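Fit chain V to the supplied structure of chain E, relying on the hints for placement.
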Amino acid sequence: EAGVAQSPRYKIIEKRQSVAFWCNPISGHATLYWYQQILGQGPKLLIQFQNNGVVDDSQLPKDRFSAERLKGVDSTLKIQPAKLEDSAVYLCASSLEVGLYTGELFFGEGSRLTVL
Amino acid sequence: AQSVTQLDSHVSVSEGTPVLLRCNYSSSYSPSLFWYVQHPNKGLQLLLKYTSAATLVKGINGFEAEFKKSETSFHLTKPSAHMSDAAEYFCVVSDPGSGTYKYIFGTGTRLKVLA
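Taken in order, these protein sequences are the chains called E and V.
Under our numbering, residue 128 is the last one in the first sequence; the count climbs by one each step, no gaps.
Under our numbering, residue 134 is the last one in the second sequence; the count climbs by one each step, no gaps.
Extracted from the complex, chain E is given alone in its bound form (with noise of 0.2 Å):
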């Protein structure tokens, strides 16, 4: 079975440059979540899918940040314009949920990103 992919596993910008990053989750995987890893810190959830619709976006800064989920697969996620403090790795994730039994969440490698 096919892993969470993640593009690019790197990028390096200057600051007020635009990014996007790609995610293609495990076939047949309901919902799709996008976590910001800072440095030394525990990943935090930006933004989570369930199908194509969002469930929760309370964390994703709006003025800059954006993201998709075309048709219920992929996604994208966007920052326009990057600042220096979204250095940081962003991590895919996707899960099955059966039942009342929440299901593991499966992890792409990352796309880390650096702001000068």
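Derived by calculation from the structure, the hints in this document are not laboratory data.
The structure presented is a predicted model; accordingly, all values stated were derived computationally and were not measured.
Beta carbons: idealized from backbone N, C-alpha and C, even for Gly.
Watch out, some of these pointers could steer you wrong.
[What the hints assert, rightly or not] List time: in silico DSS-like cross-link candidates among lysine-lysine, alpha-carbon distance up to 30 Å:
1) V:Lys131 - E:Lys74
2) V:Lys61 - E:Lys56
3) V:Lys88 - E:Lys83
4) V:Lys131 - E:Lys56
5) E:Lys74 - V:Lys121
6) V:Lys88 - E:Lys56
7) V:Lys87 - E:Lys95
[To be verified] Heads up, incomplete: computed chain E residues facing chain V, CB under 8 Å, no partners named:
8) Thr43
9) Ser107
10) Leu108
11) Gly120
[Said to hold, decoys possible] To list a few chain E residues with every Cβ distance to chain V over 10 Å, as calculated:
12) Gly54
13) Leu72
14) Phe77
15) Lys90
16) Leu125
Relative to the frame of chain E, chain V by itself:
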């Protein structure tokens, strides 16, 4: 509301000695609990999970955790540390009964294994 507290940000043990990484949670429903490990420059890997079955959960690489509802704890243990266990460990709580399928991460515990 859900929350999770990892009581130690850093833990150092000698190789061959026991490992204890502590996690306390808060949940309005019957929670699902997970431990993930992250090696440097790698993605997160599931170690083990509790989803209201047996309270003592065995995971990969000799790790196990015990769900204690009365203490709202889910501590991770391993009888004998190996050098390859050095990594960052995250405790995660989820409330399947809430219907939101949110996963809340702790701040992480960095495990150092001394030769």
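Point to revise | Hints that the structure is at odds with (numbers, increasing) | key: Those not satisfied are hints 1, 3, 7, 10 and 12.
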